[in-house]
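A.B. asks: Each chain, written out:
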Amino acid sequence: MPSPRPERLRVAVLGEQLLEAVIRLSGVSAIVFVAAILFFLFREAAPVLFASGFELGEFLFGTEWYPTSVSNVRYGTLALTAGSLAVTALAMVIAVPFGLGAAIYVSEFCGPRLRETLKIVIELLAAIPSVVWGFFGLTVMSKLIVRFTGAPVGVNVLNGGIILALMSVPVIVSIAEDALKAVPDSYREAGAALGATRWQLVYRVLLPAAKNGLLAAVLLGVGRAVGETMAVLMATGHAVHVPHSLLDSVRTLTANIAAELGEAPAGSDHYRVLFLTGLLLFCITFVVNLTADLAIRGIRRK
Amino acid sequence: MRAKKIEVDALRLAYDSREVIHGISFDVHENEILGVIGPAQSGKSSLLRCLNRTIDFSASARVTGTIRVDGEDVRRTRDIFALRRKIGMVAPLPVGLPLSIYGNVAFAPRSAGLRRRADLDVIVERCLRQAALWDEVKDRLNSLGTALSGGQQQRLTIARALSHQPEVLCLDEFSIAIDPVTTMRIEDVLKELRQQVTIILVTNLTQQARRLADRTMFLLNGEIVEIDETEVLFSDKPNSQRTRDYVAGVFG
Amino acid sequence: MTPRSRAPNRFSRTPLVARKELVEKLARGIFFVMAAAMVVPLVAIVGYLVFLAWPSLSWELIVAVPRRGMTEGGLWPAFVGTLYLVGISLLVSAPIGVMAAIYLNEYATDNWFNRVVNLAVINLAGVPSIVHALFGLGAFVYAAGFGYSILSASLTLGIMTLPVIIASTREALAAVPMSFREACWNVGATRWQTIQAVVLPHSISGILTGVILQVSRAAGETAPIMFTGAVFFKAVSRGELFPYGLHEQCMALSMHLYTLATQVPNVKESLPYATAVVLLGVVLLVNATAIALRVWLRGRKQW
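Heads up: the sequence lines are chains A, B and C, in that order. Each residue of the first sequence is one higher than the last, beginning at 1 in the numbering used here. Each residue of the second sequence is one higher than the last, beginning at 1 in the numbering used here. Each residue of the third sequence is one higher than the last, beginning at 1 in the numbering used here.
Because the hints were derived from the structure by calculation, they are not lab data. Errors might be hidden in some of the hints.
Partial chain A-side listing against chain C, Cβ under 7 Å, derived [to be verified]:
hint	residue
1	Phe59
2	Tyr66
3	Val70
4	Phe109
5	Leu124
6	Leu166
Glycine included, every Cβ here is placed at the ideal spot set by N, Cα and C.
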C-alpha cells in the first residue's frame with residue numbers, strides 16, 4: 001500500500017521559484033548591458049549629433065581633426081578610421097596565414113602531446129594584457145624597427161600591425177581549430193580510404209568543409225584588432241593623418257579616444273564628439289561580430 | 001472488464017511538420033502488462049514521452065488529442081511533477097546518475113519532499129530489493145552509481161523508477177543494452193510488480209512481449225494495426241496480415 | 001632503361017607517390033613553422049622583459065611604495081589597487097555570469113528572444129575596451145553619481161569581463177550529458193532540482209576555470225579603469241593592506257605600467273620593465289592555475 005505522498009516544504013518551493021526568476025533575469029542581463037552601453041553612448045553624444053551645424057558626413061568622412069582649435073573646430077574622423085584600417089589590415093595580412101596555418105598544424109598534423117603544449121602556449125599568449133603588448137611595442141619593437149628600416153620614429157603602422165597580429169593570432173587559432181575539429185571524422189576517413197595524403201585532405205576536404213568557421217575565426221580576429229586600445233595607443237604614435245606608408249605614425253579611432261578623453265572637459269563638445277566616436281566604434285564591432293556569429297551559426301547547424 | 005487506467009484518444013504527434021503518430025486511440029487496463037511492439041521509428045518511444053509529458057522538452061513537438069490517466073487529462077494537469085512521479089519511466093540505455101547508489105534511489109523521494117533519513121533508508125532498500133539489485137550493492141551504497149555495470153545500472157534505473165511509488169511503469173526497450181541473464185531477472189521482477197502497478201512494455205523483441213504481456217498492441221508507422229490479447233496476436237487468428245508478417249519476422 | 005619483366009609491386013614508390021610524399025613533408029614543415037611562430041614570440045617577449053627588468057626585480061619592489069615622482073621605488077599601491085579592482089569586479093560578474101549561463105544552457109528554448117540574448121552576449125564580448133570606459137564614465141561616474149572611484153571602475157570591469165564567465169560556465173554545463181537530465185526529469189524532479197543535484201556539482205571545475213580567467217582579464221585591463229577610477233598616483237603606506245575606500249580612486253598595476261612608460265620622464269630604465277614583468281607574472285600565473293585546474297579535474301571525471 002503506498003504511503004501518503006510527501007510534500008515539498010512551501011519555503012522550498014517558493015525559494016526555488018524565486019531563484020529561477022533571478023536566473024532568468026540574469027540571462028536577460030546581457031541584453032540589458034548592451035542596451036545600456038548603447039544608451040549611455042547615445043546620451044552623451046546626442047547633443048552634438050543633433051546640434052545645428054553638425055554634419056554627419058563631415059564627421060565620418062572629413063580628414064581634419066582639430067577638436068581643440070579655438071577658431072575653427074573640425075571633427076573629421078576619416079584619418080582616424082584610416083589609421084584603424086591600416087593597422088588592422090596589416091595585422092590581418094600577417095595573422096591570418098599564420099593563424100590558419102597554426103590551426104591546421106595543431107588540428108591535423110601534430111601529435112597529442114605537442115597539441116596540448118601548443119594549446120597552452122596559445123592560451124598564455126592570449127592572456128598577455130594589452131598594456132604589456134603596448135609597452136613591448138613602445139620600447140622593444142620600436143627600437144628594432146628603427147634599426148632595421150631606418151625610420152625616424154619606431155612607433156608607426158608597422159609596429160602597431162605586428163603587435164596587433166601577435167594579439168589576434170590566438171583568437172584566430174582557437175576558433176579555426178574548433179571549426180576544423182567540428183568537421184566529422186568520417187570525412188577524414190573517407191578521404192584516407194581514397195588514398196589522400198593529409199595535405200590533400202586538408203586542402204580538398206577540410207578547408208572547404210570548415211570554411212564558415214574559418215571565416216568566423218578571421219572576422220573575430222578582425223574584431224579583436226579593431227577594438228584594441230592600449231596596445232595601439234602606445235605603439236602607433238600620435239599623428240592624426242591618413243598614412244601613406246607603413247612607417248608613418250598614425251592614430252586609431254580607439255587610441256584617439258583614450259588619448260583625448262582625459263583632456264576634454266565633461267559636457268564639452270569635444271567630450272561629446274569622443275562619445276560619438278565611441279558610438280561609431282560600437283557600430284563597427286557590432287557588424288563584425290554579427291557577421292562572425294552568422295558564419296558560426298552555419299557550422300552549428302550541420 | 002477491468003478498470004481503465006489510461007485512455008488515449010485520437011493522439012497525434014508531430015515534430016515540426018513531420019507527423020509521427022497519426023491519431024491513435026487505445027486503453028490500458030489496470031494492473032495489466034500491455035506490450036507495444038513494432039519496428040523502429042514507429043512512434044513507440046514518442047508515445048511514452050507523451051504519457052509523462054517529457055515530450056514537452058522537445059521544442060519542435062506538437063501534440064493533439066487526449067491522454068487520460070485515472071480520468072485526468074495529462075495535458076491539463078495541475079502538477080506535472082506529480083504526474084511524472086505517478087508514471088515511472090525506464091529508458092533504453094542504462095543511466096546511473098553521478099551520485100551514490102543510495103543517492104540515485106533516494107533522489108526522487110527527496111525531490112518530492114521526503115527528508116527523514118529513516119524513511120529514505122526504507123525506500124532505498126525496498127526499491128533495490130524489488131529491482132533485484134539489493135544483494136549486489138547493499139555493502140556499497142555510497143559508491144558511485146556510474147561505476148556499476150550496464151546490467152546493474154539498468155536495474156538501478158528500475159529501482160529509481162520505483163522509488164516514487166508509480167502507479168504506471170513504462171519500459172522503453174529496456175533490454176537493448178543488457179545481457180540476457182539480467183534481462184530474465186528483470187522480466188521476473190516485472191511479473192511480480194504487475195500486482196501493484198500497471199505496466200506498459202515497449203519492445204522490439206516480439207518474444208519478450210509474448211512472454212510477459214497480457215495484451216499486445218502492434219504499432220506500425222504511427223498507427224495501431226491491431227491490439228488484442230497476446231495469444232490472439234501471436235497465433236494464426238490475428239486480423240491483420242501485417243501483424244502476422246511482423247510477428248513471423250517477415251519484416252521489421 | 002630495361003622495362004620490367006613483371007608488373008610493378010602495388011606498393012612500390014612510383015613518381016606520383018614520391019611527389020605526394022614530398023608535398024606532404026613540405027606542408028607539414030610549413031605548418032609546423034607557423035605553429036612554432038607562436039611559441040617564439042611568447043618566449044622571446046617574456047625572456048626579454050625579464051632580462052631588462054632584472055636590476056629592479058625583488059620582493060622589495062612589490063612591497064615598497066613609489067618615490068621621487070615615481071622614478072624609483074616600488075609597486076605596492078598599484079598592486080593592492082589591482083587586487084581591490086579585481087576582487088570587487090569578481091563579486092559583480094561571477095554571480096550574474098554563472099546564473100546567466102545557467103539560464104542560457106538549462107532554461108532557454110530555441111526561440112527568437114533567446115537568439116537575441118545570445119547575440120547580446122557575443123556583442124558584449126566584442127565591445128572595445130575604450131567603449132566600456134566611455135560607458136563606465138557616462139553611467140557610473142556621472143549618471144549614477146559614484147564619481148571617479150574604485151566602485152565605478154570595478155563595476156565597469158565586471159560588466160566587461162562578464163562574457164568570460166558566461167562562456168566558461170556554459171561550456172562546463174554543456175559537458176554534462178543530456179541523459180542525466182532526462183533521467184532526473186523522468187522521476188519528477190524540477191529543472192532546478194536537476195541542476196542542483198547533478199548538473200552544477202559536475203560543472204564546478206569549468207566554472208572555477210572561468211572565474212580564474214575573469215580574474216586574469218580584469219587584472220590586465222587598463223582603458224576601462226583609466227577613466228573611471230584609476231589614477232596616476234595615490235599616497236599609500238608601505239605594505240598597508242586596506243588603503244583604499246570604495247569611493248576613492250586607486251592605483252593599479254596596468255595603469256602604473258602605462259604611466260611609467262609614457263608619462264614619467266627620467267625613470268630608472270629597468271623599473272617599467274619590472275612593472276611589466278610583475279603584471280605579466282600575475283596574469284600568466286593566474287592563467288596557468290586555470291589551465292592546471294582544468295587538466296587535473298579532467299582526470300577525475302565521474303562518468
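A.B. asks: Do the numbers back the hint for Phe59 (chain A), that is, is its least Cβ distance to chain C under 7 Å?
C.D. replies: Since chain C brings no Cβ nearer than about 16 Å to Phe59 (chain A), farther than 7 Å, the hint is violated.
A.B. asks: Let me know if the C-beta of Leu166 (chain A) comes in closer than 7 Å to any C-beta of chain C, holds or violated.
C.D. replies: Hint on Leu166 (chain A): holds, closest Cβ of chain C at ~5 Å, below 7 Å.
A.B. asks: Hint validation: Val70 (chain A) versus chain C, beta carbon distance must be below 7 Å. Holds or violated?
C.D. replies: violated, 25 Å
A.B. asks: Min Cβ distance, Phe109 (chain A) to chain C: is it shorter than 7 Å?
C.D. replies: At 5 Å from the nearest chain C Cβ, Phe109 (chain A) passes the 7 Å test, so the hint holds.
A.B. asks: Does Tyr66 (chain A) meet its interface restraint, that is, does its C-beta lie within less than 7 Å of any C-beta in chain C?
C.D. replies: violated, 21 Å
A.B. asks: Interface hint check: Leu124 (chain A), Cβ to nearest Cβ on chain C, cutoff 7 Å. Holds or violated?
C.D. replies: Since chain C brings a Cβ to about 6 Å from Leu124 (chain A), closer than 7 Å, the hint holds.
Checked against the numbered hints given earlier, this structure breaks hints 1, 2, 3; the rest are met.
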